[in-house]
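Novice: The sequence shown begins at 1 in the UniProt record's numbering and counts up one residue at a time.
For the record, the hints were derived by calculation from the structure and aren't laboratory data.
A few of these clues could be false.
Calculated lysine to any residue pairs in the SDA-like style (CA-CA distance at most 25 Å, straight line) [claimed, not checked]:
#	residue 1	residue 2
1	K49	Q94
2	K49	L19
3	K232	E222
4	K49	G91
5	K28	L10
6	K146	N84
7	K130	R83
8	K205	S163
9	K232	S185
10	K132	I105
11	K205	A89
12	K132	Q164
13	K146	S110
14	K190	K205
15	K146	F124
16	K7	R83
17	K49	K132
18	K28	E149
19	K49	N84
20	K205	R59
21	K232	R215
22	K28	I105
23	K146	E33
24	K130	N84
25	K146	R32
26	K130	M177
27	K229	D162
28	K132	K190
Restraint ranges, calculated between C-beta atoms of paired labels, are given here [unchecked claim]:
#	residue 1	residue 2	range
29	A145	T93	20 to 28 Å
30	E80	G210	27 to 35 Å
31	G115	Q240	49 to 57 Å
32	G115	G36	13 to 21 Å
33	L179	A89	29 to 37 Å
34	R136	A227	15 to 23 Å
35	E106	E201	20 to 28 Å
36	Q240	N84	46 to 54 Å
37	T93	D23	20 to 28 Å
38	N37	S185	28 to 36 Å
Please read all numbers here as calculations on a predicted model, not as lab measurements.
A virtual CB, placed ideally from N, CA and C, is assigned to each residue, including glycine.
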Amino acid sequence: MRLRGRKGILESIEAQPELVVLDAAPHKGRWREFFGNDNPIYIELGMGKGKFISDMSVRNPHINYIGVDMYDELIRRASEKARNAWEAAHGTTQPPNLALLRANIEGIESMFAPGEVQRIHLNFSDPWPKAKHARRRLTHPRFVAKYIEILNELGEIHLKTDSQSLFEFSLNSFADMELHMRSISLHLHKEELRDDLVLTEYEGKFVERGNNIHRVEVVIGEQAIAAHKAAKRAAQIKDQAAETSTEDNEPSTAPTVTSEG
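Working from the sequences, and respecting the hints, build out all of it.
Specialist: As structure tokens, this is what we get:
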């Protein structure tokens, strides 16, 4: 992606050290110091213009968010969007739980310490459709291995895409790595718009066009896996109980025998 932005872009983001981070290295393992609290850290890799990460930070002030992208112009646009969103919702132009990180995702292991992140969002990542570019896909095992390293015991990966080929590739990638998956959707907004989920810029446009949105949650951390398995067992027990209740309430089909005389 090549972006043409107005002059002074770098100067603009350099003037926002409370929101924009241009070098992640000093913060590795110390992101909670940047935010000044011990709240969970969620990151979005490839945040684009920043609508999703801004809206998420507004909706969930008890969670720290970090939006990552490598282009100065996108960082600048995201900073404007974030400040506008927070001013509209909370009357302040300083998001207290949001950082915008200019970085190349290739080096994500140098940005975060092992176990420092609780959730990774991958929203409408470049599908890199040609087979020879498969290693560039953000759900390729070489990337997923890096995600697993930085995720904590509650760690999860949430993926959304409009690309069927990328979604199929991703599901196979997760399965090959023997990862647990849940909430797999081939058409996320089929029945109605999921207003419980924050939409990205692209997603809103795709939904208007009637495009299918695919989504999956990948459970990584040990505690997250344990909770996932417990929820599955509880659901199975509930289903079995419902089936038993239905069978018990069904009218008998046995013939009625009467005696004469």
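Novice: So, for every hint listed, does it hold in this structure?
Specialist: Hints versus structure:
1. K49 - Q94: 17 Å, holds
2. K49 - L19: 15 Å, holds
3. K232 - E222: 15 Å, holds
4. K49 - G91: 21 Å, holds
5. K28 - L10: 23 Å, holds
6. K146 - N84: 33 Å, violated
7. K130 - R83: Violated, because 38 Å separates the two Cα atoms, which is more than 25 Å.
8. K205 - S163: 14 Å, holds
9. K232 - S185: 17 Å, holds
10. K132 - I105: 19 Å, holds
11. K205 - A89: 23 Å, holds
12. K132 - Q164: 18 Å, holds
13. K146 - S110: 10 Å, holds
14. K190 - K205: 15 Å, holds
15. K146 - F124: Status holds; Cα separation ~19 Å.
16. K7 - R83: The given pair, whose Cα atoms are some 20 Å apart, holds under the 25 Å limit.
17. K49 - K132: Given that 25 Å is the threshold and the Cα spacing comes to 28 Å, the pair is violated.
18. K28 - E149: Holds. K28 to E149 sits at ~13 Å (cutoff 25 Å).
19. K49 - N84: Holds. K49 to N84 sits at ~13 Å (cutoff 25 Å).
20. K205 - R59: 21 Å, holds
21. K232 - R215: Holds: K232 and R215 sit about 19 Å apart, inside 25 Å.
22. K28 - I105: It holds: about 14 Å lies between the C-alpha atoms, which stays within 25 Å.
23. K146 - E33: OK: K146 and E33 at ~23 Å, within 25 Å.
24. K130 - N84: Measuring from Cα to Cα gives roughly 38 Å; hence the hint is violated.
25. K146 - R32: With Cα atoms ~20 Å apart, K146 and R32 stay inside 25 Å; holds.
26. K130 - M177: 22 Å, holds
27. K229 - D162: Given that 25 Å is the threshold and the Cα spacing comes to 28 Å, the pair is violated.
28. K132 - K190: Not OK: K132 and K190 at ~33 Å, beyond 25 Å, violated.
29. A145 - T93: 20 to 28 Å: 39 Å, violated
30. E80 - G210: 27 to 35 Å: 30 Å, holds
31. G115 - Q240: 49 to 57 Å: With a Cβ separation near 37 Å, G115 and Q240 fall outside 49 to 57 Å, so the hint is violated.
32. G115 - G36: 13 to 21 Å: 20 Å, holds
33. L179 - A89: 29 to 37 Å: 35 Å, holds
34. R136 - A227: 15 to 23 Å: Roughly 33 Å apart at Cβ, these two residues miss the hinted range, so it is violated.
35. E106 - E201: 20 to 28 Å: 24 Å, holds
36. Q240 - N84: 46 to 54 Å: Distance hint for Q240, N84 holds at roughly 51 Å.
37. T93 - D23: 20 to 28 Å: 24 Å, holds
38. N37 - S185: 28 to 36 Å: Since the Cβ atoms of N37 and S185 sit about 33 Å apart, the hinted range of 28 to 36 Å holds.
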